Amino acid sequence: MTFRLTCPVCGARDVYEFRYGGPERGMRPAQEDLSPEEHFRWTQFRTTRPAPQEEWWYHAAGCGVWFSTWRNPATNREEGPAT
Amino acid sequence: MRRLAPSPTTRVEVDRPVPFRWVGRSIEGCQGDTVASALWNAGVRTFGRSFEYHRPRGLFDLEGEGASQLVAIDGLPNQSAGTTALRAGMSVSAQNVSGDPRSDLYGVLDRFDRWMPAGFYYRRFHRPYRAWPFFQNRMRALAGLGVLDTSSPHDDARRSELYLNADVAVVGGGVSGMAAALAAARPGVRVCLFERRPWLGGHMDWRVRETRGERLYERAHGLAEEVAAHPHIRALTAAPVTGIWGENLVTGFQNGSDADGFDERHWECRARAVIVATGTIERPLVFNHNDRPGVMVSDTAWRLARSYAVRPGMRAVFSVGDDLALEAAVDLASLGIDVAAVADARADGADPELVAALERAGIEFLPGYAASAALGKHAVAGVTIATLDGSDERRFACDLLVANAGRQPDIGALSSAGARFRHSPHTHTFEIESLPADVFAAGRVTGLVDAEAIETSGRRAGLEAFVHLAGGLGAAFPSTDEPSVYAELTKIRAYSSELPGPPAGCGILHGPNLGSGRKAFLDFDEDGTWKNAVQCAEQGFDVPELAKRFGNFGLGPGQYRVPGQNVAMAMAQITGTAIEEIRCTTVRPPLIAPKLATVAGPNHDSYKRTPLHDDQASRGGVFRRAGAWQRARYFSDDHTCRAEIRNVRENVGLLDSSPLGKFRIYGPDAIHALQRVYISDMTKMKPGRCKYSAMCNDTGNIIDDGVVVPMGRDDYYFTTSSNRAASTVEWFRYHTRYDGWNYNLVNLTDTLASINLAGPRARDVLRKVTDADLSNQAFPYIGYREIAVGDGIAARCMRLGFVGELSYELHVGASHAPHVWDLLWSAGEEFGIQPFGLEAQNALRAEKGHVIIGAESEQRVTLLDIGMGWLWSREDTASKKVGAPALRACQDQPNRMKLVGFRVDEGGGSPQDGAIVVDGDDILGFVCTTRYSEALGWQFGMALVKERAIGDGDVAGLEIYENLGGRPRRTRATIVPPHFYDPDGTRLRS
Amino acid sequence: MTPAGPGALRLERLWEQRPLKRSYDVIIIGGGIHGLATAYYLAKEHGIRDVAVLERQYIGFGGSGRNTAIVRANQRTQENVRLYDEGLKLWPILTDELDYNLMFFNCGNLNLAHSEAAVNAFRLSVNTANFNHVESELLDAQSCKELIPILDVSDKPKYPIQAGMYHPPGGVLRHDAVVWGLAKGAAEHGVDIHQGVEVQGIDVQGAKVTGVRTNHGPIECAKLGVMAGGYGAEVCAMLDLELPVHPLTIQAMVTQPLKPFLHHVVSSGAYHVYANQTLKGEIATGAHMDPQVNYTTDATAHYFKHQAEALTDFMPALKGARFLRIWAGLADMTPDMAPILDGNVGFDGLYLDLGWGYFGFKSGPVAGKYMAEFIARETCPEILEPFALDRFLENRYMGETATTMKYGHWD
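Sequence order for the protein chains is A, B and C.
The opening residue of the first sequence carries number 1 in our numbering; numbering runs sequentially from there.
The opening residue of the second sequence carries number 1 in our numbering; numbering runs sequentially from there.
The opening residue of the third sequence carries number 1 in our numbering; numbering runs sequentially from there.
In case anyone wonders, no lab produced these hints; they're calculated from the structure.
Model, not experiment: these values are computed from the prediction.
Don't take every hint at face value.
Restricting the straight-line Cα-Cα distance to at most 27 Å, the calculated cross-link-like pairs of lysine-lysine (BS3-like) are [as the list claims (entries may be wrong)]:
| id | chain 1 | residue 1 | chain 2 | residue 2 |
| --- | --- | --- | --- | --- |
| 1 | C | K145 | C | K44 |
| 2 | C | K145 | C | K158 |
| 3 | C | K208 | C | K21 |
| 4 | C | K145 | C | K156 |
| 5 | B | K898 | C | K406 |
| 6 | B | K684 | B | K880 |
| 7 | C | K158 | C | K305 |
| 8 | C | K158 | B | K608 |
| 9 | C | K305 | B | K608 |
| 10 | C | K156 | B | K608 |
| 11 | B | K686 | B | K608 |
| 12 | C | K21 | C | K44 |
| 13 | B | K880 | B | K686 |
| 14 | B | K946 | C | K156 |
| 15 | C | K406 | C | K158 |
| 16 | C | K145 | C | K305 |
| 17 | B | K608 | C | K406 |
| 18 | C | K305 | C | K156 |
| 19 | B | K880 | C | K406 |
| 20 | C | K89 | C | K156 |
| 21 | C | K305 | C | K259 |
Computed footprint of chain B on chain A; a stretch qualifies when at least three of its residues, placed anywhere within it, have a C-beta under 8 Å from a C-beta of chain B [claimed, not checked]:
| id | region |
| --- | --- |
| 22 | 2 to 8 |
| 23 | 14 to 26 |
| 24 | 33 to 39 |
| 25 | 59 to 70 |
Note that CB positions come from ideal geometry on N, CA and C, so glycine has one too.
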């Protein structure tokens, strides 16, 4: 779908102005006692549902900001988490 | 044939002839004709042959809906005769024809339908399997409709693009669409209106019926003038909409005229609200031979007469199911066309005024009757009409059979905009069930028939759209306007409810006495018959989506728009399912098929050139696209670049490395950011020295390398590979996005050019253009100096050695670069300076054993695997270096792929990059880069191989295998450390 | 039933609709080619006939009915070549076994290289193929033009053609025919196919799968196969099973039918395009994927335009063709572009066949054959061993793509 995203700086823009940065997975974990499995789970593994998820986008053809937003991959609308 | 007398609705100029050719014959149309109207007027009845059975097909509709009226024009196939404007000198020909369309050789296929039931090809031709290619080739020979002239680049048209933003986009320029545009447009509200015909007016453009003292075409003309004059409406005519995509991105194309400055243009319009007013299409009546040339829907016959002054036939019979078609019969009779009889499939419900008018015109009216078969071999010569139960069948002679089973909303645009539909037992159509909040519908697409109701629905939709936007925007709209708009909307809502709503529709699908329906077509494009639909159900393909795929209904040029509802009704009837339980299949864009050339538009090629491009071109540079850039890869026809390589090794060479990524990072937290993304300890930097390091991803793959130079307090300059230059800012910001660090990052890549001066005489050359002390003590290997070149041009100078020789990398302002390049060139002449390109650089660096990311690395190998683990600051966990956990996880893993150097054994041949390393039946890896080295006198290479290939012993052999499509070649090589040339680095450091 | 004339076909239902039982030995989620093929081989090769294939929509609704049906075996790595090569050789065998014409058009695939680096990558693939006795050859630009005369091999295109990789054993099939043929074959061997049955939950006892909950009530099973293509990760999410799988929307389109002039599959990585001409005469073309997780099957105007620009740039004659229809399906991408074929993942009795990305069609029957063996014998067949899920926890990727990830496997 040719949807739009809301850049916090520039406003609603066509999705093709942005680069996708993946779902939010929290801060980079501390590395002191990080096991390999924990690390690779953190980088690659997740449950995927057709429900709103928080994710990162970069306004590549615009202001160059990384921001997180909630989007529902089942509709491609910006939509908050189910409460 | 003589035209009808012009009337106020006529859109052609009958006294301006336009000559053109039809299957080689010269004929004439007139100014304003479409190809179809001109052909019909010239007496052409067969436009082409059908897809599967090669049946003759003629003008069924003028809207470009199906395959029947597709013709080839000037070598371009599949042009819609009904919508293509006639131009003088056009050469028009029929499609899917062997010979003249009237006597097609393959016409005999029509008799074989018994052996070709739905899906028959899945059950035939495959046993024995070896026979299948034979049948397949026969099938392919019969496939396709038009012939594409593949020798032509089809480059004759002027093409352009238009990107619009609108508050309200209106799709359809009929009366309701125009009324909607006018109601929505006001200061601060931009309205774009798109109409596929060359003029506004919709179906009222050709209606002469009078309502409230005004003829309908007069009303349409009046609104069109208002729209054209309105300062806030931009109306595009001859501009069909191809789709409404996510969040109201409306797209389409437009056919231009000489005056427009383009012949065809692709347009896109991002709208905040969309109003769809696409009207109706006639639902075909299914009866035997309902595809005979001379059978057409009522709008076609009517528009031929009213818009084009073309006589649709000498004697007409109607078998229809809606009031507009009755109006057409009355009107055609008034224009002097003999209408023998009008059958109306509705037993009652016809507009009494129209029934009276038929009676006054002396036309026999047969309510409760419908056509059972068209007669005539090549074109309609008569028709049998019967009561719906088939009991009373009558026969009429005629050359025109106007047929429909009523009307259905043209839901394509709405469907692509996300509307949902439900079958209504009242209108017998798929009606709108729900619309997205920012999409509105108006006019006949909502089922309305009454003229006043149609226009009012448009005005209402315009106001609803405005209010929807105003609600979202508040202050952006003039607030003074708002109260009056709300008042008007309240009024119009009330008024709407008093006007006639959608009347009862015609519920029949097929005519009486259908029999097996083997020549009664549901889908004209691919010859899908009633009988085929029955066969689909028998084989279990009994819902529309499956029947569509199995029986090929609605997959041809007209798509699902015309046959869609009929197929859904057919499956319901055949399986005995309630139609209400059946969902119509999805309408997929494009709603009208555009040429690829039109969509592609001018298709400009955009790339970057370095400031040194022209000079390199003049010296014989052969350029290749490298990412965003055009870069010189070779400087001669010798793609092994022996001369370029030798000159760098023996004298001095000049390389344009401007695309190299160049960045400044500064601020109190700059060092933290560097520590995060670089794998080395970046706190250990020294002024005047380059720090070489690499960046990894989270799986430990190397993704970038370069040098960092401290420039001052919290201020650093660094380089990246050319490929990563565009993503570096993004990368830093991504990996520090939680940290709130204070640093700034500036991309200097395009601001600064970069010139590599490399070779044993590099110092001698540079010394001639600068006063700086270049001695090995003052400016050693890995050193960084800011020097002045020529008349004082500032250059950032790095003494690096990617190609394995004494070399200087000069970064200078892009505008100074050509001058510095010239200076070096003049200074170097006495030392034999020559340019070298990327391939020479590639061979030189490989000789030195330096890796290129993507050549000596890939997804399976980490930084450690390619022998660059020395860069990694292993103890540092606090910086949370990107990639460090992966390296830690893999550092002791057995059996990973590793980068090794090799030397091809004497007499072993010369494998190429991409050769594979094998052992028995197993592939152990592949050769990344391998070259014959003049300097070494042997062929060296680097390969990524599974660890077991390396073995335990000191000397391990590799078996290299190549087979590029001929005989296999095997080469033996010996693993050696990947530092082939000058292993001690003496030349770098001298 | 239609009266049969001389030589006419008897028309009967392709597969019998049987009542939905409350318990099966094996339940397969997903009525696409992977699920149907697995069920077919379970019944035919292993005598396990108490099998139900549960399909939420109708068979072939998902990726199986939305792809461009291109098949080939010139993969980058040996592990993959072996699997895909066997898959390629199955089409004629299946056509005969199923007595259903799958319309395999063995036209060969030509892949274009537009840079020196791409030529090197082709050499690796060609050498790998030939070493495994899979026919493949490297062609120069002129030879490419001889195969496909509409190619522009001059310097005019944005990405001038440098070379081609030609793979004669490849080709295209009729995707729906494969679905229907497998359904017919599975049903003939006793498999139940249930359309309109949506799995809404998975029941487990301890660490063992015991059944599914559906919109038609609970159904018990001893073994459960998740073969739901792009929807597989969603099914696994019912068990909170985390996977390195990323469902994306992939788009494709066809032009109006034209008399045949393109007699091979042609593809180009630089242009992100593949195209072939169907038996009907349409140019079927596709390839675009947006990187974000996407469960919609909506096409985009952006891709529509991109495809027109790309195709007409290196095959200018196509400027005169007309786009007819665009559609989209889901591709479940893994980080290394190779699937996850595994058993007893997290739970005993849970078998996964997913993560095929856009290679799911090529591999359907062969994956089904070996997954059936896996399920029946409860040991992983040797050919599937490299495809285990654990490789992602050990950072041992299969190398089907050389490109390293950046932020994640979407980029």
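Against the structure, the hints:
1. C:K145 with C:K44: violated, 45 Å
2. C:K145 with C:K158: Holds, because 17 Å separates the two Cα atoms, which is no more than 27 Å.
3. C:K208 with C:K21: holds, 21 Å
4. C:K145 with C:K156: Given that 27 Å is the threshold and the Cα spacing comes to 15 Å, the pair holds.
5. B:K898 with C:K406: Holds: K898 (chain B) and K406 (chain C) sit about 21 Å apart, inside 27 Å.
6. B:K684 with B:K880: Holds - the C-alpha atoms of K880 (chain B) and K684 (chain B) are around 17 Å apart, at most 27 Å.
7. C:K158 with C:K305: holds, 16 Å
8. C:K158 with B:K608: Given that 27 Å is the threshold and the Cα spacing comes to 13 Å, the pair holds.
9. C:K305 with B:K608: holds, 23 Å
10. C:K156 with B:K608: holds, 17 Å
11. B:K686 with B:K608: Violated, at about 35 Å.
12. C:K21 with C:K44: holds, 21 Å
13. B:K880 with B:K686: holds, 23 Å
14. B:K946 with C:K156: violated, 42 Å
15. C:K406 with C:K158: Status holds; Cα separation ~26 Å.
16. C:K145 with C:K305: With Cα atoms ~25 Å apart, K145 (chain C) and K305 (chain C) stay inside 27 Å; holds.
17. B:K608 with C:K406: OK: K608 (chain B) and K406 (chain C) at ~24 Å, within 27 Å.
18. C:K305 with C:K156: Holds, at about 20 Å.
19. B:K880 with C:K406: Answer holds: K880 (chain B) to K406 (chain C) is near 17 Å, not above 27 Å.
20. C:K89 with C:K156: Roughly 39 Å separates the two Cα atoms, so the pair is violated.
21. C:K305 with C:K259: holds, 24 Å
22. 2 to 8: holds (count 3)
23. 14 to 26: holds (count 3)
24. 33 to 39: Since three or more residues must qualify, the claim that chain B covers the region 33 to 39 of chain A holds, with 3 doing so at under 8 Å.
25. 59 to 70: Holds, because 4 residues of the region 59 to 70 of chain A bring their Cβ atoms closer than 8 Å to Cβ atoms of chain B.
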